[in-house]
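Taking the hints into account, I'd like the entire structure generated from these sequences.
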Amino acid sequence: MRTGGHRCTDELAGHRPHTAAGLPPDFYRLWASFTAGQVGGAVGAGALPLVAILLIDASDLQVSLMAALAGLAAAAIALPLGPLIEFRRKRGVMAGAGFAACTALASVPLAAWFGVLTYAHLCVTAAVQTLCGIVFNAARDAHLKTLVPEARRVPAASRLETTFWTATALGGPVGGLLIAVFGTTTTLIVDSLGHLASALGIRRIRTPETVPTRPDRAHRVRSEIRAGWIYIAAHATLHRLFWNAMLFGGSLMLVSPLMALLMLRELGFPPWQYGLALGIPGLGGLLGSWCAPRLVARFGQRPVLLGFGTLRTCWLGSVVLAGPGPLGFSVILVASTLLLFSAGVFNPVFSAYRMSHTPDDHMVRVGTAWSISARCVQPAFIALGGVLAAAIGVRAAIGVAALALLAGSALLPWGYGHENQVQGPAAGGPISGLDESRPDGIAGQGQSIT
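Heads up: the sequence shown begins at 1 in UniProt numbering, then just goes up one per residue.
Please keep in mind that the hints were generated in silico from the structure rather than gathered at the bench. All figures in this text were calculated on a predicted structure; none of them were measured in a lab. Mixed in with the good hints there might be a few duds.
[Stated by the list, open to error] Listed next, with one range per pair, are the computed distances between beta-carbon atoms:
no., residue 1, residue 2, range
1, V331, A391, 20 to 30 angstroms
2, R204, V331, 43 to 53 angstroms
3, G317, A260, 10 to 20 angstroms
4, R294, R203, 26 to 36 angstroms
5, Y28, A260, 32 to 42 angstroms
6, S256, L406, 15 to 25 angstroms
7, A297, W113, 27 to 37 angstroms
8, A180, I56, 18 to 28 angstroms
9, G393, R203, 47 to 57 angstroms
10, P270, W113, 34 to 44 angstroms
11, R265, I53, 15 to 25 angstroms
12, S330, T118, 43 to 53 angstroms
13, V331, I77, 35 to 45 angstroms
Note that beta-carbon positions come from the ideal geometry of N, C-alpha and C, so glycine has one too.
As structure tokens, this is what we get:
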């Protein structure tokens, strides 16, 4: 879909978007498929480490390595897949990813049943699951762009984001109940069935699918692989949003294990209060995603993107001031809820913006570049958090992350009125796979806070 230069500039200059008719029927089929996968994934969240601990008696190091190795292996495999997926029909890719994840997850309870489950099996399963998630999300964003008109992309992204937060809030308790009643591998079966339902649902989408045409130039593997990062770097505002997202997501991952240490060890909160502090703020994300299209309709895309992009960085610092007792718990709860509310508003608006500013023949590669970068950056931030906590203390390390978040707001695209223009390599010469005739610039729902 071609995005007119004046329209993009007007939207990010703060003009209100035009109203449009309802979302097309095939979006609801895609949404239902996404919901099935999200529900299964939320119920099965954390199941593989739990299986490793309870069924094969894996050590702490092995459990940590399983997650790290799975992420790195999936990122390495996904890297060359971007160009291959870009020029293929996206529904087939999404369905294939769903079937592959279903098969990998179902193999674990089956192996456990026959007594042949191994640590290597769990590592491979974790890598396949992560890889399928990267592939599915990149192909989904590319296909979503072709299904939904530009004026309706914020409402569409809002529905996906709301589904994510709802599944996240409900999946943990339901998964815990299933494990308590039926056993350790039960949630993996549910997760497998969710991927199966998602893959079957994708096949019900009826809109004829077009495939971007590969440019008529010599195929250069390295250029095709790097095209997503090159396009992000060349775009006047997308590269700023990229670094903002890396710093924001990395800082939150840095804080995640430190919050457990702060609440359980330093402040002496019982585990049930720690669980509440993890679960209740998700309702803020749910409310924020519901409010996003209404706020954009009232104030325009640019004020919401910049305003809530900044607000989501403001709340973590108050956690440093939290003390023991009900008041300290309230401070942590309110700060976490406001952070996720702000992120819940920002994410679908950002997702729609990135989608509208990515040409069709770069959607998958930009999406995979974004996902791979996040999966490489966030473990580095987690390690940095451990070093900081050991050197200056848990509370001070959280303070450093809070300052990093605030500094990251400076990376938002303040004062850019012509963000649809491409700079750097794209302006001075061709990029493999880039249609130079396009006047528009340059994906994510988020699984996560981006």
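Against the structure, the hints:
1. V331 with A391: 20 to 30 angstroms: At 25 angstroms between Cβs, range holds.
2. R204 with V331: 43 to 53 angstroms: Holds - the Cβ-Cβ distance for R204 and V331, about 47 angstroms, lies within 43 to 53 angstroms.
3. G317 with A260: 10 to 20 angstroms: holds, 19 angstroms
4. R294 with R203: 26 to 36 angstroms: holds, 33 angstroms
5. Y28 with A260: 32 to 42 angstroms: holds, 39 angstroms
6. S256 with L406: 15 to 25 angstroms: 18 angstroms Cβ-Cβ, so the 15 to 25 angstroms window holds.
7. A297 with W113: 27 to 37 angstroms: With a Cβ separation near 52 angstroms, A297 and W113 fall outside 27 to 37 angstroms, so the hint is violated.
8. A180 with I56: 18 to 28 angstroms: holds, 20 angstroms
9. G393 with R203: 47 to 57 angstroms: Taking Cβ atoms as reference, G393 and R203 lie about 53 angstroms apart, which means the hint holds.
10. P270 with W113: 34 to 44 angstroms: holds, 36 angstroms
11. R265 with I53: 15 to 25 angstroms: Between R265 and I53, where Cβ atoms are some 21 angstroms apart, the hint holds.
12. S330 with T118: 43 to 53 angstroms: Once the Cβ atoms are compared, 46 angstroms apart, the range 43 to 53 angstroms for T118 and S330 holds.
13. V331 with I77: 35 to 45 angstroms: Check passed, 43 angstroms falls within 35 to 45 angstroms.
Hint compliance for this structure: hint 7 is the single one not met.
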